[in-house]
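Below are the chains, spelled out letter by letter.
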Amino acid sequence: MNHPHLELTGVGISFPTDKGLYCALQNVNLKIDKGEFVSLIGHSGCGKSTVLNIVAGLYQASTGGVILDSREVNSPGPERAVVFQNHSLLPWLSCYQNIELAVRQVFQGKKSRGEMREWIDYNLELVHMSHARDKRPSEISGGMKQRIGIARALAMQPKVLLMDEPFGALDALTRAHLQDSLMEIHADLGNTVIMITHDVDEAVLLSDRIVMMSNGPAASVGEILRVDLQRPRERIALAHDARYHEYRAAVLEFLYQKQQRPAA
Amino acid sequence: MSNPAVAQPIQDTLKSARSLALKRWLPRVLMPMFGILAFLLFWQMIAGSIDTSLGKFPGPTQVASQFGALVDEHLREQKRADAFFERQEIRNAEKLAKDPAAKISVRPYTGKPTFFKQIFTSLYTVMTGFFIASLLAIPLGIVCGLSKPIYNAVNPLIQIFKPVSPLAWLPLVTMVVSAVYTSSDPLFAKSFVTSAVTVALCCLWPTVINTTVGVANLDKDLQNVSRVLSLSPLSHVRRIVLPAAIPMIFTGLRLSLATGWMVLIAAEMLAQNPGLGKFIWDEFQNGSSNSLGRIMVAVIAIGLLGFVLDRLMLMLQRYVSWDKNADLR
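These protein sequences, in sequence, are chains E and X. Quick note: the first sequence, position 43, residue 149 per our numbering, numbers continuous. Quick note: the second sequence, position 174, residue 225 per our numbering, numbers continuous.
Don't take each hint at face value.
Stated by the list, open to error - DSBU-like cross-link-like pairs, simulated, lysine-lysine; straight-line CA separation at most 30 Å:
id, chain 1, residue 1, chain 2, residue 2
1, E, Lys265, E, Lys140
2, X, Lys271, E, Lys265
3, X, Lys130, E, Lys125
4, X, Lys130, X, Lys149
5, X, Lys149, E, Lys125
6, X, Lys130, E, Lys241
Note that these hints are calculated values from the structure, not bench results.
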């Protein structure tokens, strides 16, 4: 493999403030292979979301750049679908229509009306939400909304799926459910995924690699941990797995010893 | 005949149903009724002690009798109009019977417009002005909300023109309409055009401002969704911006319609558009002992119609609003 699928090279970003330029990120280098599941973990304010937004094209890097399949990323696009932390569904559209908006945008002229309908229903089924097809977001629970958010992103058939703390606002049980669903989907479709998380267990359970970020200002990649656990992973079996605990300990050590929590 | 064992529970149920109904209706119907009655009583008491050059200030009873008189007038005028058209038809039929090639003319009835006709003229005029204003204000508001530079350019103008009284606009509008709107067979009366344009000028601003705010405050996440989907500017506006701004747009529209209705009366007085404003002005000039009572009927009608217009807008808002749980009032 001569060209990596997704490559961040020397990515940095500065924001203008009243006291001059504030350098939020500096020299972030990362190579991600096709189908890889990568988590970004770090303390709040370390620039995890900024990295994700740069890959999404929502922010422009001040230095360095992002290359996806040999093409530079400089604007947002559906091939880098984002699952937002607070789902960001359009409240005036039903679940089906929310996904339809994305599908129409991506597959206009490539799929017939009937094929699009099938594809939307397929994606609803993928996240186990067919029963809420015609419900509005306000009529379903937080976890269900996030499922629809994931379905909307998956329905775009993105090259990279970007998830910004997708399960951060959910209770522990719902979160576990959605993590299992996500692992299932990832095994089925083999998407490349970058996920931001605060949750060490979630990172170890889901990822192939965990990118641990140092604190800002001028945050960067601190360490990268490769998680060599056999897939499919089973959360109960892993609870007794010594390697799982090692990985967990390594991440915790990085977060709470090497990177002292900034004054919160 | 009645079996007490059966009748008693039925009566209990009825009793509890009655008390429940009372509890439910007391605040919603009885209290407003009480308020209105108290007001009428106070009005009647005060009215007798206000002397004007046109006699005593009319109390509710005089106003009610004037309302009756206006209804009678309307019915009489209606009969006269019917008679006029009947005569005309007979005349024309006779003409045609004599000579099938004869030219017949259908003339409109030119009697004095009654109070109820004037109400319809007013409603028609305000809706026209409001419609013109909305047609301009909503797109302008969307553009201002989407683009900060354009907003910065337009905002001073909005702030300057917003507080201008309709009475200040009216002479200008009248002159411009007379100069520009010239046609030998005009579709609309000049007084109508002048009034509608003045209404439009004054009720533009609430819709512009509220639409701007609604569009500019579009949720950052929804904006990002639109960017990730790479929606075209047009579908961004149609699919994301407009639905999100609908509640604020309607707030603006309702304020605009209320403003327009207030402005209309003043505009009609000066432009002599045959609506409620002209009715009041004519009664004022007329100065009979009934005039004040008749003006008071118009005042109440204006209030009631303004209320009805706002309720209609609210119904429309409920109908188009996507958030059926929102407490719209």
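Tested hints:
Only pairs whose Cα atoms come within 30 Å are accepted, and Lys265 of chain E paired with Lys140 of chain E is accepted, the gap being roughly 8 Å. Pair hint Lys271 of chain X plus Lys265 of chain E holds up; C-alpha atoms about 24 Å apart against a cutoff of 30 Å. Between Lys130 of chain X and Lys125 of chain E, the direct Cα distance comes to roughly 82 Å. Violation of the 30 Å bound is thereby established for this hinted pair. Pair hint Lys130 of chain X plus Lys149 of chain X holds up; C-alpha atoms about 29 Å apart against a cutoff of 30 Å.
As the CA atoms of Lys149 of chain X and Lys125 of chain E are separated by approximately 98 Å, the hinted pair breaks the 30 Å bound. The hinted pair formed by Lys130 of chain X and Lys241 of chain E fails the criterion: a straight-line CA distance of about 57 Å is larger than 30 Å.
Going down the numbered hints, you'll see the structure goes against 3, 5 and 6, while the others check out.
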